[in-house]
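**Student:** Given next are the chains, with one letter for each unit.
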Amino acid sequence: MPLLLGSVTLPLAKLLRYDSFTRTIEASEFLRNPAQATKAVVDAAVPQLAALRRALVAAREDLILGFGTAPLAAAAETFATTAAADFSPGRGADLALLEVGRTICGRSPSSFGACFSPQDLPPNQKVS
Amino acid sequence: MPFSCTDDAGWNNLHGKGCADYAAYCDAGAFRLGASWAGGEVFNFPERSCCACGKTPSEVVPAKPAPLFEKHLKSFCRGTDHEVKLKDEAACEAHCHPDQRPCACFHFNKGVCNFGFTYVGLQTSTKSSTAWIKTSALLAAPKAMVGPPNGAACVALPPRRLPPTFYLYNDAPFAWGPRLAACFASRQGMPPWAFAVNDTVHQTDGAPPPGVSYGLWLAAALANHPQRVATPEEARIFVVPAYGSLSENVGGCEGTTHAQRQDEAAKALQASPWFAKFPQRHVLLASSGSEDDRNPLGALSKLASQRGMVPLCVDREQCAPGFKKKAVVPPMPLMPLVAPSTRARVGYEACANGGGARRRASVYFRGRHAKDDEASALRSRLWALRELPGADVKYVSGGGGEIKEPSRSWLKAHGWSKDVRVPYSAATYASGVSHADFCIIAQEVRARPPAPASRPRAPRPRPRTHARADPASRVLGPRSVSMSMCVCVCRATPRARVARWSTRWRAAACRCCWGA
Chain Z
1 MPLLLGSVTL PLAKLLRYDS FTRTIEASEF LRNPAQATKA VVDAAVPQLA
51 ALRRALVAAR EDLILGFGTA PLAAAAETFA TTAAADFSPG RGADLALLEV
101 GRTICGRSPS SFGACFSPQD LPPNQKVS
Chain Y
1 MPFSCTDDAG WNNLHGKGCA DYAAYCDAGA FRLGASWAGG EVFNFPERSC
51 CACGKTPSEV VPAKPAPLFE KHLKSFCRGT DHEVKLKDEA ACEAHCHPDQ
101 RPCACFHFNK GVCNFGFTYV GLQTSTKSST AWIKTSALLA APKAMVGPPN
151 GAACVALPPR RLPPTFYLYN DAPFAWGPRL AACFASRQGM PPWAFAVNDT
201 VHQTDGAPPP GVSYGLWLAA ALANHPQRVA TPEEARIFVV PAYGSLSENV
251 GGCEGTTHAQ RQDEAAKALQ ASPWFAKFPQ RHVLLASSGS EDDRNPLGAL
301 SKLASQRGMV PLCVDREQCA PGFKKKAVVP PMPLMPLVAP STRARVGYEA
351 CANGGGARRR ASVYFRGRHA KDDEASALRS RLWALRELPG ADVKYVSGGG
401 GEIKEPSRSW LKAHGWSKDV RVPYSAATYA SGVSHADFCI IAQEVRARPP
451 APASRPRAPR PRPRTHARAD PASRVLGPRS VSMSMCVCVC RATPRARVAR
501 WSTRWRAAAC RCCWGA
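Chains Z and Y, in that order, are what the protein sequence lines are. Here this note's numbering is used: position 82 in the first sequence is 82, and no number is missing along the way. Here this note's numbering is used: position 61 in the second sequence is 61, and no number is missing along the way.
Extracted from the complex, chain Y is given alone in its bound form (with noise of 0.2 angstroms):
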């Protein structure tokens, strides 16, 4: 009988112990009388993973064959030795199979098949060629290739901050995230951190955007952290684990809503001695940059925000609301940037020929317009770079601003005729930032809604003159042009300073000139 019983390697409780330890409270496939606290999501399904506790030969799923070789687009192997002419593509595969030879890498280029049997990396290619590397040597490569996990033989990385020690809350109503998962898996098709194709709200792949992930990253990050405290008595922060948006997301989820889930959460949290007495040393992911979401933390958020969380916000603005502190971190970067490949690719090509080879394009940019009149003005301009040599600079359509006047008329004046947007892709993007020395991260300042008109204004403080007294100031504006758009120049006052006055305090400005 071929069926067999195995423990899962490298399976641990959540609290330091493995299978082996299980022993103890579990016998011939269930847990020993009295012992059956220790099985379950909290303890993270030892009946699942430790035969003795239950797990069954039936559950033994045989394990996928990992691909062999790892496909890469416009690229060509570096350091190939080998080569032979073949007819295809195909064809050089086969060559290059395991059982042939040992290929760590192949590429395919004019009827000539190129390989090498060490992984050196990639060199990008203008043309169509593809690139396989095989799995195990890409996984290898960072270690073999150029030495530390990030890469870069030749970047020395600062020593480590270390920050405060952490208690990570694992009982049920937190440990949601695989099966959010799960939920999310079987219902779209793909996991949660599946790359989404076109990151919008309208995703026609079942790819949600990035930060639906992130509380699973988050999670997967601290899990095994060097500053995870297994008890509260050690912690000096306490994070309780959210998935938000996830949760939002998914919706129903083993007979449970979303509001139900952060409910739970909220109540478990409301019981929790620590909570009580530290809540203002307690964090959480409140918010992950998710533009669908609407409101991803229910009850959870209220409670937190009553008691003084401290917030994990992506986008300060949109984050939860009522919160007092707030700890901004960085989005979620696009899943190719993160691949173990481009990890040790760009690593390597810090320190390759002096680290200072230049990419296929020079400047880089792609996104919206602004809504916001300051951002667009900057925005808008980007039409300009064009004439750099090597610059790839597009605007993307779907939820951008439209041009301002005075932009519009700018760009008219400098030959512009048509308002061209291109659809946004996520890997067009990830892949461009990638082939690019230089990527513009341009201002979007969002719109903020109007104050309430019956809200009481305070008093403005009137800016300092220092030009009043300047004999030697003289006003170039007011009679042609009207008090509101005043343009003066003091000449003993740092003209950008003017200039900012100008903008803040229009009437102040001119004040001062005509003062003088």
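Extracted from the complex, chain Z is given alone in its bound form (with noise of 0.2 angstroms):
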């Protein structure tokens, strides 16, 4: 379970419940008595740990690309890696393609309805 210390850049935080699976230790606590703090901080989470496991496998989720062994397959053989070459897709994409729809149009990060006019956009988009 991470435990946050300090000011942390957290990736994807507007798409991501962190707090469900994580815990900050407040720095200024931290500063003054960091034992004291850090235990405060685990002690508070041991009873939750089984939930925010769970929250952190969901998590984990959505912020890997994908498990396995080799992102390509096919020269896994070439590559000799040690198992058999796999990989299966995590929604790690799915985030970092949100991502950038919320960059391009933050209202509406999927449809981009709410930025472009419909005739910029599929099905009726056309190259001029």
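Among the hints, erroneous ones may be present.
To be verified - Taking lysine-lysine pairs in the BS3-like style, the calculated list, with each CA pair at most 25 angstroms apart, reads:
1) Z:Lys39 - Y:Lys277
2) Y:Lys412 - Y:Lys371
3) Z:Lys14 - Y:Lys326
Please keep in mind that the hints were generated in silico from the structure rather than gathered at the bench.
Using the supplied hints, reconstruct the complex from the two chains, each of which is provided in its own coordinate frame.
**Tutor:** Structure, rendered in structure tokens:
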């Protein structure tokens, strides 16, 4: 379980509920008494460990591009990886593309409907 | 004659057609007249995979036998229900050979070979026990053991949030992934996604930092994505495959240089009517977090930033310059953490026995000291966590900052005497985080370059000084310390707010209190 200390930049922070699977140690508390501040957070989190782990399993699927030993299955024999080549996609690409969508059009990151006129979007999208 | 030709199972031309469909374009080992356009890299080399298009028996490479068992150090097999006394681990392995009996998992401990015919997971061992899992049982484990692919039977994944439909450019100038991987492998003797043992620029084992293969993993995730569309007309965004870090790392490959490849990609992109019309809806991987990147996208970066493309950046600060908007994505995880066995084990752990079983370590940290003052103060104090039961906290050497004087004094006052740092090992780190309940991710603010002296500074806004009118406020500070170290307490103002002002607006905060 990630214990965040201080100001840590979290990727996809607007798409993932980090508070469901992380805990934060307050920097000011930590500077005063590191061990006590950490212990307090850990002690409070231990009873919730099961829920935190389940949330982390779900978040892991959202954060990871793919599970496996090699991204190029066809090349695995050539490169002689230790296990059989396999790649099963996670949902990491979903959130990466949604983050792109959010960057392009924050109000409708999937459809872009709020930012582009219908003729600029499929199915009516045509090259002039 | 044993030679025969078999179409590559599962091959497709990246446009949804398989070898069977290529009968229309190929015959007797060659393309039909006028159909050679359907071959080559753009269509995933049908001539190498389909017999009708030219795949020859000599190209059929016998598959390397897959290892029968996968080795897992410091682990026991869960749920073993058979045991036999044997002299050593080799005898145990022979005992469990598939020709003898269908062991799914076995381990050898204290002269006893323990094994089971069903794989139900691993248990961490504090001793030097090694568990061996049958590869086929491991690959089937997520389904057989706990059902869903994430390994967690008790976790209902939230509904998938589908991203915008996207078109993935796959013309030759962009299709460098497998070729660069092959060039890397021929040079380094391992694929670019090989697990880097110490994850530094100065790898001694030839393996690159994880970021180098980011583009390959991203391409693999996008290739069969449900939102990928076959034609640009259907797309809301346009993904330009970019393997900048890998390309720069490889250098020369198939007679081209890194710069030439980026030039070619830039030219091809510029020629695209879709890029001309919707440049701001084009996206490419611009930064994969590899520390030895210098100019990973070359001319492509210049074009992309000038035309307003969206870069995917692992590190916002180190992302290619010139981009106005950036999409920050997570860095590549360490390879052992995305292994199917880890996925299954973590999922199993989240559900088995209520999901609350404690791990070997309670709190785990491996990291460098920070260069930034604020982060350094936090990181140096992690040393004090050694007094917590089950804490495993160590600093690693290489590239880290020195412990700043205020922190050094604090540490000395609390019994610290020696700055001990251990070499970083990614393998140790991956193992450590897998066996700890909590892993500390500490602030690591990089020191920003100082602003040019000639640059005019914008006037600072005056802070709101609510306490100025508060007659109950009192001053504790400026008489005993300098003005810049003013310490004051304003009763009517929340302490945190004053503290913040004291940091950013020291003088103003003091005036606030003096004024009262």
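**Student:** Checking one constraint from the list: CA of Lys412 of chain Y to CA of Lys371 of chain Y, max 25 angstroms. Satisfied?
**Tutor:** holds (19 angstroms)
**Student:** For the pair supplied as a hint, Lys39 of chain Z and Lys277 of chain Y, confirm whether the alpha-carbon distance does not exceed 25 angstroms.
**Tutor:** violated (56 angstroms)
**Student:** Quickly compare the C-alpha distance for Lys14 of chain Z and Lys326 of chain Y to 25 angstroms and report which way the hint goes.
**Tutor:** holds (14 angstroms)
The structure is inconsistent with hint 1 alone, although it conforms to all the rest.
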